[in-house]
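*Asks:* Sequence:
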Amino acid sequence: MNLLQDMYACDTTYILFKHSTRCPVSAMAKRNLEQDKNLIPEGTVIYYLDLIAYREISNAIEQLWEVKHESPQLLVVRGQKCIYNASHSEIEMRDIVPFIS
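Residues 1023 to 1123 (the working numbering) are what the sequence shown spells out, left to right.
If you are wondering where the hints come from, they were derived from the structure by calculation, not from laboratory data. As the structure is a computational prediction, the values presented were derived from the model and not from experiment. Take every hint as true, because none was put in to throw you off.
Taking lysine-lysine and the DSSO-like style, the derived pairs with C-alpha atoms no more than 30 Å apart in a straight line are:
1. 1090 <-> 1103
2. 1052 <-> 1103
3. 1103 <-> 1059
4. 1090 <-> 1052
5. 1090 <-> 1059
Just the calculated beta-carbon pair ranges, DEER-fashion:
6. 1024 <-> 1060: 29 to 35 Å
7. 1060 <-> 1031: 26 to 32 Å
8. 1090 <-> 1050: 20 to 26 Å
9. 1084 <-> 1064: 28 to 34 Å
10. 1057 <-> 1027: 28 to 34 Å
11. 1088 <-> 1112: 14 to 20 Å
12. 1054 <-> 1120: 15 to 21 Å
13. 1075 <-> 1119: 26 to 32 Å
14. 1066 <-> 1042: 22 to 28 Å
15. 1102 <-> 1049: 27 to 33 Å
16. 1112 <-> 1024: 28 to 34 Å
We put the beta carbon where it would ideally sit given N, CA and C, even for glycine.
Could you put together the complete structure from these sequences and hints?
*Replies:* In structure tokens form, the structure reads like this:
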């Protein structure tokens, strides 16, 4: 939870991918993100959150950045703002490139 507070307090851009390890839609979205990782700058960190193991962290994300919980869900956050939010079949790595370049 301290990491979330640190993310919220600074002006750095972070990518968060929330997914269920039991859901085939989540597995497909995660696989697609990993296959398209070459579209984002090298060294860009994506935080993968397993919702089965860490639901309380997802709840904290929902509260801090005021985004409705969905799964799978891809968020780009910068400071106190969520600047990109997509879920399910709308998750595409190419769509977040303008937010992190």
